Each structure stands twice: as structure tokens, then as C-alpha cells.
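So the sequences go chain by chain: A and B.
Residues in the first sequence are numbered from 25 upward in steps of one, following the numbering used here.
Residues in the second sequence are numbered from 67 upward in steps of one, following the numbering used here.
Because the hints were derived from the structure by calculation, they are not lab data.
You can take every hint at face value.
Chain A regions said to be covered by chain B (calculated; three or more residues, Cβ under 8 Å):
#	segment
1	338-351
2	379-385
3	443-450
All values derive from a computational prediction rather than experimental measurement.
Think of the CB as a built atom: it goes at the ideal place given N, C-alpha and C, for glycine as much as any other residue.
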Amino acid sequence: MIRIANGQGFWGDWLEAPVRLVDEGPIDFLVLDYLAEITMSILQKQKQENPDFGYARDFPPLIGRLAAKLKAKNIKVVANAGGVNPTACAQAVLKAAPQLKVAVVHGDDVFSRLDEFADKGYEMRDMDTGEPISTIRARIQSANAYIGAFPLAEALATGADVVIAGRSTDTALTLAPMVYTFGWQPDDCDKLAAGTIAGHIIECGAQCSGGNCQVDWETIPDMANIGYPIIEAESDGTFVVTKHESAGGRVHSDTVKEQLLYELGDPKRYLTPDCTADFTSIRLEDAGLNRVRVSGIRGGPRPPTLKLSISYLNGWKAIGSLVYSWPQALDKARAADRIVRARLKTLGLGYDEIYTEFFGVNACHGSAAPPNPDPPEVQLRIGVRGQDRKAVDRFTRELIPLVLNGPPGATGFGEGRPPVREIVAYWSALIPREEIQTRVEEIA
Amino acid sequence: MKKPLSAVAHTRSGDKGDTCNIGVIAWNPEDFPIIVREVTRERVKAHFGDLVKGDVERFELPNLGAVNLLLHESLGGGGTVSLRVDAQGKTYGAALLGMEIEVD
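Same shape as in the complex, but just chain B (with noise of 0.2 Å):
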């Protein structure tokens, strides 16, 4: 069943740079494993199109079902030089839920 992925998790997204970083947490810790299966680099890249220009990195936290996910060249240069509204990202936790996944 295709769902956003507010339906199993929270986000809070914050920058270092012109990296931003969104932690992803499970609602209920026993839905980690579809975070970690359904919210992937590639998909994460694919979501936010435009706005992320280089890679993304992506960390485990089983102990808090969180996953961590590093979206670098995502600000527009970053803190003070970038030209976005949302020079520091502080909103894309919030963009990442509207993605679709796949709820068992």
C-alpha cells in the first residue's frame, strides 16, 4: 500500500554548510525496517529534484529508529551566500514527507 511517509515517521532538518542534514524517526520503533528499505539515497535525491545537486549520504540509528541523511550542495552555497528563502534547509524534514513509500 503506497503511503506519504508521514504516516510512519517524523523529520527536523538543519544545515552544516551547504550540506543539509534531515533526521528521519520512526513513529513506532518496529517501523525502522521500512524506513531503512523505503527512504534510500537514490529516492531521497529523486524527491527533491533540482534542489540537491550532490550526493546523499545516509546513516543508521536503530536506537532511536531514526535514519540520518546528509544532502550535500543542497542550500545554494549555504548560510549567508545562499539566495533561497530556506537558506538553511529548516523546512526540507517537512518537504520529505509528502514522499510516497511503500507501507506493508
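Just chain A, same shape as in the assembly (with noise of 0.2 Å):
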């Protein structure tokens, strides 16, 4: 049996969550999520003003701090922390941790083969909308092809006690121990399906130990000392989900579920670099305190392509807010919303969509929200976008002269203007997996 911990859900998440699980039981390995659909584009940003950036730099430091107790207690580190350069990632890694052995693997960033690819006649349709790739090329900023746990494997069996990776997949990354320690194989389906189910249980840290959580949540125990997921595998495939004893939070079949439910699609076809995941044939049992079972799970093999994900430059945004005071506030937020959209018309400027929220009202459950009559105070939110920056500059200007030329009572304007961003969007499409080899190197 192996203890295979997530310390990291995201680039953002808890500082203290890794060096605990470290600190508060036995673990064989810290996997380290970062990367979200998203990030990889502002990595990218990230180094083309920096070379030596392009990277989490939230986590050589917190491999510094844990460098000394992951040797004594021969603790393997797996993370995605490399983002677009895990070159300089490992590098600032051994400056902070100069005893440990780091192993980078590369292969996944296929920005500069673009061109190859459609010379080859890839198309590379966006996976939602169908369009080809051609209609957005001169506006890309990074791609990477997700890559499974073999690669990651490989490097751990350099003898590394940090395996950095670019764009891996988040489930590879606790698959990945399994199959170097159990030295599973490709067509080992149900076992691969296994190890990536215990993934995604656990690649959102503690979403599956009691945060987030609607069941009972008010009775979660000590959730500001909550313990992040623990993974003990067998090599059969079979594993359980848990935490430290000492730990905060809950780990249930019902938290567990929770999780298991998060951001899925087809359940009998959940698509990773390693397999075809079913889980419709998972089978869940509450084995004593903080302790759920899991087994039964059956896989198919690993689809003929993998996955690209792909980031462009798709315009400008401003979102910005004023707060109405009873009494009608409901009313007056809705009156100084016909007057920004009045005057922006007056000028003449076009957006690619102007979108309004009354907070406190309907912002987040739209005409699903229960009615609210006369709310003590609301928050009229505009966000515009559009092709044209200056069109979303001018927006920005036309929120706070509403505190005296509008309705009566606003407040909530001390930010002062909204900061217009570019925005950077997110294109997924596929290619033969034969085209992304990638390569491990023992960096000392």
C-alpha cells in the first residue's frame, strides 16, 4: 500500500495545506496541483515579460521550506507547477532545495509546432463550438497537449525526489505513483481507471474532505485546521480515501460523491491521456471514521488522441459597481442600468455584450432565485466586453458620475474606476496522440 496526498487544488490554494500533510502523518507521495484551463495562458504572459518566469512560484519556496523533512521522511514530490517553462521551475527548485533530485518532463508545450500541425491538415476544432483553428491562429498565445502519468512515472523512477511537469493532466499526477510503485502498464484499463478515479477525488484538495461540502456542513469538524485527502492505494486497484487523524474536516461517502460529481461529463467515458474511466461503476462504503472504500471501477483503453489546450487573445473587459440603498433599491439600481446603457448608445460605442447583476437580487441564481420585494440594499454590477479597448475604457468612466447625475442613494464607488483587462480565452481541441513525445531530464 502506498499514501498518495494532494497538498494543492489550484494555483491559489492553501499555503499551510502541504506542509501539514507533511508534517501530521505517514505520506509516500505530495502531489501538487496547479494548473487550471486557464493559467497555462497567464504563465505564458507571465514569461514572454520575464524568461526565467512562466511558472508557480509559489512552489519552489514551499519545496525550500519542506526540503529537509521530505528527505528525512523520503517524501516524493509530483506537481504541474511548471506551467510554460519547467526548465526555470526546477532550476529555482534547486536553489531553494539544493540537496534534493529533480526531474523535469517535457514534451507537452506544442506552441511552436502549430504551424506543423495544420500543414499536416489537424484542423484542431474548438471542442464546444466546432470552429477551426485558422479563425483564431494570429491570436494565440500558448499550447500544450495534457499528458498522462507514464511520463511522470518515468521520472520518478529516475530515483527524483521532485517530478515537475507542464501541462499533465491533474488526475496523472496521482496516477502516476500507482503505476511506478505497482509498475502497472497501458492496457492495464481497470487499474489505470482506478488510479485516475482516485485522481479526481483528490485533485481538488480538500472539495472531497469536507469543503464545499452541503452536507451537514454546519457539523464539519474544525474546518479551520481541515485536512486535505489521502490517498491509500493497493496495487490492485483498489484504494481508500482519508485524512489525518489530528486533522480537521470529514471524509464520507457523501463528500466523496460530492467530488465525484464535480466538473464530470459523460460518466462512462471520462477521456484522460491514460484510459476510458467509468464511473458508473464505482462502488463507495464507509469503512470506519474518515475512511471510505472505494472499488469495483472499470476502465477502457486510452483514447487515440490527446487533448490541446490552447489559449488566445479575444478582446477587452471592464466589469464595475455602484450599491443602492433602500428604499427601491431594486428600482434604482435598475434605473442607473438604463441610464449607463442610454449614454453608452448616445456615444455610439458597440460591445460584444454589455451584462448586468443585481446583487442581493438575482446575481447569481438569475429567475431562479426566490423573489426578494424590497432587499435592504443592492449592487448593480455592468460588465461590458468588446473588440475595442477604447469602447471599454470610455465604459469604465460611466459609473461613478451616476453617485450625483442618477437616482438617489448610491454609494460603493471608493475602488474608483474599473480596471479594464484583456481577455484571454481558452480554445480545447485534439490531436493523434503520435505527435507529443515527450522526454524526462535529471536536472542537478
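Both chains are sitting in their own frames, so use the hints and assemble them into the complex.
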């Protein structure tokens, strides 16, 4: 049995979580998931500004902080902290923790190969809209293939203490220690599916151990010290989801079910570079306090294609807000919205979209929100987006004047004009998997 | 007897691009048939009104006493494009809890 813990569900997650996982009980592997769909484009921008950046910069100081304990307890780290610059990330880790051995997985970055792919006839159509990539070619900022667990396992086999990848899948980080330890092969479909589902359960950190959980949320113990999840994996593909005993939170079949359904598509065909996992085969069983046993998982072969994560520039946006107080707070906010739209129209400014929400009334749930006829205050929130930066910038000057020249009772403008932000949009497409060759580099 | 969905199920929601997914999980596995019967694609689409521009798909996971709903074109373009406060549909699962269903 091996213990695999997840200490980060995204870049920006709780900094203490990985430290506590190392301190508070036994683990063999610490996996850290830093990349969301859009993170690669942010990192690409940072690399353009400074060629030494482009990776999750929380990671090297964390490894520096943990280095002595990782060595003493023989804990291996697997992380997709490399972003678009895994080599720079590895160098920063070695600077922070010179006693550790680091291995890097290359090959996911295909930004420089897009024209080659196009020449080969790959249309790389967007998986949502079906449009060919030629419509956005000039605006592309980054392009990476999602890579699976086998290259990460190969990196662990070098004896590395820390394995750094770029755009690996979230689930591969957890599956890789199993592939490496148990010697699973690409045709062990059921086992690979089990390890993938274990990865899905823990890839969002505490979201399976009591965080963001609707089930008896008021009674979940000691949320301030919430425990991040641990998989106790067996070589036959069964596993237990748990947490350190002293930590807060709750691991129960209810908390695990919520996470299993999170960001799920077709449950019979959960596609990864490693396998096709069938979520309808999962059997859950509560096996003691804060222990959920998972078994029965079936899987199919890995798909012939890999998914590409592509980011591209798609115009500008700005979102601003004002607060209106009782009485008639909603009527006043609605009137202010009409005035802003009329003034923008008079100026002859066009946008791809103008969108208005009324906080306290309908912002989160739209028309599905229960009626709230006379709220004590309402926040008017208006956003615009479009291809013309000047038009978006002009919008940011049309809100604050309403405090003096619009309906009565406006406040909450202390932040000043809202910032104009460039939109970096996400495009996903498929490519034959033979096109992607990974390579492991040991860095000393 | 009419009750809100929260009487028989809990939910979690998230995003993939401009699609929001909602997992609807029966508190008691024996109530799974109620969810299958009541939480239909048409009724979910009607519940969300203007928020959901596209189709609603539904998948069943009887082993977990759950259904998975995909709400297409429901996040204002999704991710970084969207102008909505809930650009990732994090609260859509909670919004569904208020939908009225017929309970035996």
C-alpha cells in the first residue's frame, strides 16, 4: 500500500496544506495540482515579460520549506508546477533545496509546432463550438498537450525527489505514483481507471474532505484546520480515501460523492491520456471514521487522441459596480442600469456584450432566485466586453458620475474606475497522440 | 406532495468552458428513482430560464444514486470571457435545490 496526498487543488490554494500533510502523519507521495484551464495563458504572459518566469512561483519556496522533511521521511513530490517553463521552475527548486534530486517532464508545449500541425491537415477544431483553429491562429498565446501518468512515472523512476511537469492532467499526478510503484502497464485499463478516479477525487484538495460540501456543512469539524485528502492505494486498484486523524474536516461517502460529480461530463466515458474511466462502476463504502473504501472500478483503453489546451486573445472587458440603498433599492439600481446603457448608446459605442446583475436579488441564480421584493440594499454590477479597448475604457468612466447625476442613494464607489482587462480565452482541440513525444530530463 | 429538490438531494456544480455541470445526489439511494423521474432535462432548463441558452443533457449514475446534468451555453462564454459573477457555475447546484418536485 502507498499513501498519496494532495496538498494543492489549484494555484492559489491554502499554503499551509502541503506542510501539514508532511507534518501530521505518514505519506509517501505529495502531489500538487497548480494548473486550471486558463493558468497556462497567464504563465505564458509572465514568461513573455521575463524569460525566467512562467511557472507556479509558490512552488520553489514551498519545496525549500519542506526539503529537509521530504528527505528525512522519503516523501516524493509530483507537481505540474512547471507551467510553460518547467526548466526555470526546476532551477528555482534546486536553488531553494540543493539537497534534492529534480526531474522534469518535457514535451507538452506545442506552441512552436502549431503551423506544422496545420500543414499536416489537423484542423484542431474547438471542442465546444466546432470552429477551425485558423479563425484564431494569429491571436494564440500558448498551446499545450495534456500529458498522462506514464511520463511522470518514468521521471519518478530516475530516483527524483521532485518531479516537475508542465500541462499534465490533474489526475495523472495521483496515478503516476501507482504506475511507478505497482508497475501498471498501458493495457491495465481497470487499474488505470481506478487510479484516475482516485486522482479525480483528490485533485481539488479539500473539496473531497469537507470543503464546499452541502452535507451537514454546519457540523463538519474544525474547518480552520481542514485535512487535505490522502489515497491509500493498493496494487489491485482498490483504494481508501482518508485524511490525517488529527486534522479537521470530514471524509465520508457523501463528501466523496459530491467530488466525484464535480466537473464531470459523460460518466461512462471520462477520457484521459491514460484510459477511459467508467464512473458508473464505482462502489463506495464507509469503512470507519473518515475512511471511504473505493472498489469495482472498470475502465477502457486510452483514446487515440490527446487534448490540446490553447489560449488566445479575445478582446477586452471591464466590470464595475455601485450600491443603492433602501428604499426602492432595486428600482434605483435598474434605473441606473438603463441610464448607463442609454449614455453608451448615445456615445455610439458598440460591445460584444453588456451584462447586468443585481447583487442581493439575482446575481448568482438569475430568474431561479427566490423573490426579494424590497431588499435593504442592492449592488448594481455592469460588465462590458468587446474588441475595441477604447470603448471598454470609456465604459469605466460612465459609472461613478451616476452618484451625482443618477437616481438617489448611490454609494460604494470607493475603488474608483474599474480596470480594463485583456481577455485570454480558452480553446480545446484534439491531436493524434503520436504527435506528442515526451522526454524526461534529470536536473542537477 | 410538492417539495423543493433539497428535500431529497444535494448538489455540486462546476464548469468546463461554457458548460456548467450539476451533480444531483440523492440523500437516500432509494430516492434515486424520484430524481430520475422529476429532474428532467426540460424542467431543469425551464428552472434556469435565461441563464441557460443551450440544451440540457442528463446522465445517470445509479451506483451513486446520482444524475449528472450538463447545462450547455450557460456561463456567458465561460471562464475568463464571462461577465457574470458566477462565471464557473459554482452556485448553480444550489440554485437547483429550490426547484419544486413531486415527492411520493
